[in-house]
Amino acid sequence: MARYTPPTQGKLGQIIDVIVLLIMAIGALYIPLWMGLAGSAVTSAAVENPTWESLGQNETMVAQWEKLGFADAASAAEMITARFDYSFSIGALLAMIVVIVGYYAILLRFSEKEYRDVIAEKFED
Amino acid sequence: MAQTDTTEHVGLARVLGPAHVWALGVGIVLVGEYMGWNFAVGKGGAYAALMACWFAGILYTCVAMIDSEVTSTVAAAGGQYTQAKHIVGPLMAFNVGLYLVFAYTMLEAANAITVGFLVDTVATMSGHEGGLDQRPFIILSIMFLAWLNYRGVLATLTFNLVITAIAFTAIIILFLSTSGILGMGEMNHAALMSGQAAMPYGWLGVLAAMHFGLWYYLGIEGTTQAAEEVRSPARALPFGTLAGVMTLAIAATLTWYVCAGLMPWEYLGQSGVPLFDAARLSGSTFLMVLLGIGTLFATLASANGCINDASRAWFAMGRDKYLPGWFGAVHPKYRTPYRAIIFLVPIALIFALGAPLDQVITFSILSGLLEYTFMPLNIILFRRKWPLDTIKRGYEHPFHPLPAMVLLGLCGLAFFAVFLGYGTQLVAMIVFYIVVSLWFHFWRYRFVNRGAQFTMPWPKPRGY
Chain X
1 MARYTPPTQG
11 KLGQIIDVIV
21 LLIMAIGALY
31 IPLWMGLAGS
41 AVTSAAVENP
51 TWESLGQNET
61 MVAQWEKLGF
71 ADAASAAEMI
81 TARFDYSFSI
91 GALLAMIVVI
101 VGYYAILLRF
111 SEKEYRDVIA
121 EKFED
Chain A
1 MAQTDTTEHV
11 GLARVLGPAH
21 VWALGVGIVL
31 VGEYMGWNFA
41 VGKGGAYAAL
51 MACWFAGILY
61 TCVAMIDSEV
71 TSTVAAAGGQ
81 YTQAKHIVGP
91 LMAFNVGLYL
101 VFAYTMLEAA
111 NAITVGFLVD
121 TVATMSGHEG
131 GLDQRPFIIL
141 SIMFLAWLNY
151 RGVLATLTFN
161 LVITAIAFTA
171 IIILFLSTSG
181 ILGMGEMNHA
191 ALMSGQAAMP
201 YGWLGVLAAM
211 HFGLWYYLGI
221 EGTTQAAEEV
231 RSPARALPFG
241 TLAGVMTLAI
251 AATLTWYVCA
261 GLMPWEYLGQ
271 SGVPLFDAAR
281 LSGSTFLMVL
291 LGIGTLFATL
301 ASANGCINDA
311 SRAWFAMGRD
321 KYLPGWFGAV
331 HPKYRTPYRA
341 IIFLVPIALI
351 FALGAPLDQV
361 ITFSILSGLL
371 EYTFMPLNII
381 LFRRKWPLDT
391 IKRGYEHPFH
401 PLPAMVLLGL
411 CGLAFFAVFL
421 GYGTQLVAMI
431 VFYIVVSLWF
441 HFWRYRFVNR
451 GAQFTMPWPK
461 PRGY
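Chains as they are written, first to last, in the UniProt record's numbering: chain X, 1 to 125; chain A, 1 to 464.
Don't read these hints as lab results, they were simulated from the structure.
Where hints are given, some of them may not hold.
Take a look, some chain X residues computed to stay more than 12 Å from chain A by CB distance [what the hints assert, rightly or not]:
no., residue
1, ALA46
2, GLU48
3, ASN49
4, THR51
5, ALA71
6, ASP72
7, ALA74
Computed beta-carbon distance windows for the label pairs [stated by the list, open to error]:
no., chain 1, residue 1, chain 2, residue 2, range
8, A, THR390, X, SER44, 57 to 63 Å
9, X, ILE97, A, ASP389, 36 to 42 Å
10, A, PRO387, X, SER44, 56 to 62 Å
11, A, GLY180, X, MET24, 52 to 58 Å
12, X, GLY13, A, HIS128, 49 to 55 Å
13, X, VAL20, A, LYS460, 31 to 37 Å
14, X, MET24, A, ASP389, 40 to 46 Å
15, A, SER194, X, VAL98, 41 to 47 Å
16, A, ARG151, X, MET24, 30 to 36 Å
17, X, VAL47, A, ARG384, 57 to 63 Å
The list that follows gives simulated cross-link-like pairs (lysine to aspartate or glutamate, EDC-like), each with its CA atoms no further than 16 Å apart [stated by the list, open to error]:
no., chain 1, residue 1, chain 2, residue 2
18, A, LYS460, A, ASP389
19, A, LYS460, X, GLU121
20, A, LYS460, X, GLU124
21, X, LYS67, A, GLU186
22, A, LYS460, X, ASP117
Please read all numbers here as calculations on a predicted model, not as lab measurements.
Just so you know, even glycine gets a beta-carbon here, dropped at the ideal spot from N, CA and C.
Between the sequences and the hints, there should be enough to build the whole structure, so can you do that?
In structure tokens form, the structure reads like this:
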């Protein structure tokens, strides 16, 4: 097998490559944030004139809330009633599975192709 | 950039021992006990968080066993990146390198956010009104630690050893003081976890809690990044890593016990600094100051280790031309990957200053999770290509392939846990890795030497 000689990358090319990588990374992480899609659907139930009892807090819990600086039930109500929404569709779950499995399949397939070249060149003698 | 050729021949300094490896691993992770793990309580309740803690402990025991075997053989900077390059292939290696960089850089950003939050909390408790601007403290902590890393690895990790030991001791003292072993016990587990507070989301909550359960241990695998800088990799890396996992399992359980016995789950699940809050609830000024210092030290130790690890991974990819070769330079005097260290500073700042804590943590966890999913594939291929009688290992992990199978199964559960609530980030992140993989395969890889990147003195793998 002929030994592969990589081209020399110029200064500008190196800078462009880093910028491309950064744009992709920051985009992947920030776009969901900017679009308001990030994070779980945490919702707090609106409770009118809440009391510790109506919020399901026993005496010990109330004592600890007060020590933490929550003087009354109203100040802690939003925190106490916050709940995650774990409802999901089977379609979304299947889509996630396909994306993850597909990703690793691409990785293994392309890696194997590249790896065979590496081994062939390394051990050609 | 021409300077690359003159500096990259200087090697990293071999100056570290097993204690430094322990400090690197535990130092990165211990902050997980001081903040972040408690979001698992928010996702499933206190019992769910404890179960997640132990399941995650099993996951990380598998990670440590697998990693110790491969690393005791592949003793080179870059850790899992270098492993992937020699065992699976270049594209996998590129992805693993990015997992490492993003997991650690996001963790570093999360630490800096916590430093700012802690300073603000202490200022408010001291009577300051209106809140502090946290940004100067975030910037200062990242810049200081980057400077420390720039100046040398021995000083960096010795600093980590000291502050990690203090932060770990603070957890032990808090446990002894509040559990009734020393003085009056203040635990109220039965009352705080009664009724609907026991399992607020049922068993689905236990699954969901696995998401942040990883945070108890995330980063322990970073010990392998020091492979090129330890004096005896075959001995120090397995010892330091496995001792680290045991340390963290103990610290995680103690942390859960103290916090779940002092705080209502609804508060604990949303707290920014849960151990510090636990100390506040004890009513002891000494404990409050101690845990405040512990939180600060744990975050600094973690950020410090993260800079160390992320820069090694970035450096290793630069050295192999997976990234521009300019990053593959070693400082001629301090013998650190200084360009990689400096380059990653603004990236950490972008996220520390612009994203909420739970999102940053989720980004870090997702990168870690993708990396753990790679590990079973890695060890299976390693044993297949180089069976035990072909390469001498410093450590051989037992019961193969059981740990790999368990790890793969637990990773599947953790993906589902992230999907419950943070599915958008999960898909966005994987789409990013798919796009960047295509970019690497069809563009970037042309600049990489083929055979020269295989640097281990191993025989030809079986099947090739």
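Hint check results:
Its beta-carbon lying about 16 Å from the closest one in chain A, X/ALA46 satisfies the requirement of being farther than 12 Å from that chain. Remark: the non-interface label on X/GLU48 is consistent with the geometry, its nearest Cβ contact in chain A lying 19 Å away (cut-off 12 Å). Under the 12 Å C-beta cut-off, the non-interface status given to X/ASN49 relative to chain A holds; the minimum distance is some 19 Å. For X/THR51, the condition that its CB be more than 12 Å from all CB atoms of chain A holds, with the nearest at approximately 15 Å.
Every CB of chain A is more than 12 Å from the CB of X/ALA71 (nearest about 14 Å), matching its label as outside the interface. The beta carbon of X/ASP72 is kept farther than 12 Å from every beta carbon of chain A, the shortest such distance being approximately 15 Å. With 12 Å as the threshold on Cβ separation, the claim that X/ALA74 sits away from chain A holds: the shortest Cβ distance comes to roughly 15 Å. A C-beta distance of roughly 60 Å is found between A/THR390 and X/SER44, which places it inside the suggested range of 57 to 63 Å.
Range check, X/ILE97 to A/ASP389: about 38 Å between beta-carbon atoms, so the 36 to 42 Å window is met. About 57 Å separates the C-beta atoms of A/PRO387 and X/SER44, a value consistent with the hinted range of 56 to 62 Å. Checked against the hint of 52 to 58 Å, the C-beta distance between A/GLY180 and X/MET24 comes to roughly 53 Å, which is consistent with it. At roughly 51 Å, the beta carbons of X/GLY13 and A/HIS128 sit within the given window of 49 to 55 Å.
Checked against the hint of 31 to 37 Å, the C-beta distance between X/VAL20 and A/LYS460 comes to roughly 36 Å, which is consistent with it. Between X/MET24 and A/ASP389 the CB atoms are about 43 Å apart, so this pair conforms to the stated range of 40 to 46 Å. Taken as a hint, the range 41 to 47 Å holds for the pair A/SER194 and X/VAL98, whose Cβ atoms sit roughly 42 Å apart. At roughly 32 Å, the beta-carbon separation of A/ARG151 and X/MET24 lies within the given 30 to 36 Å, and the hint holds.
One distance hint, 57 to 63 Å for the beta-carbon pair X/VAL47 and A/ARG384, holds here, with the actual separation near 59 Å. Straight-line distance between C-alpha atoms of A/LYS460 and A/ASP389 comes to about 13 Å, which keeps the hinted pair within the 16 Å bound. As the CA atoms of A/LYS460 and X/GLU121 are separated by approximately 11 Å, the hinted pair is consistent with the 16 Å bound. Between A/LYS460 and X/GLU124, the direct Cα distance comes to roughly 10 Å. Compliance with the 16 Å bound is thereby established for this hinted pair.
At roughly 13 Å between alpha-carbon atoms, X/LYS67 and A/GLU186 fall within 16 Å of each other, so this suggested pair holds. Of the pairs offered as hints, the one joining A/LYS460 and X/ASP117 holds, with about 13 Å between alpha carbons and a cut-off of 16 Å not exceeded.
Hint check: no violations occur; every hint is consistent with the structure.
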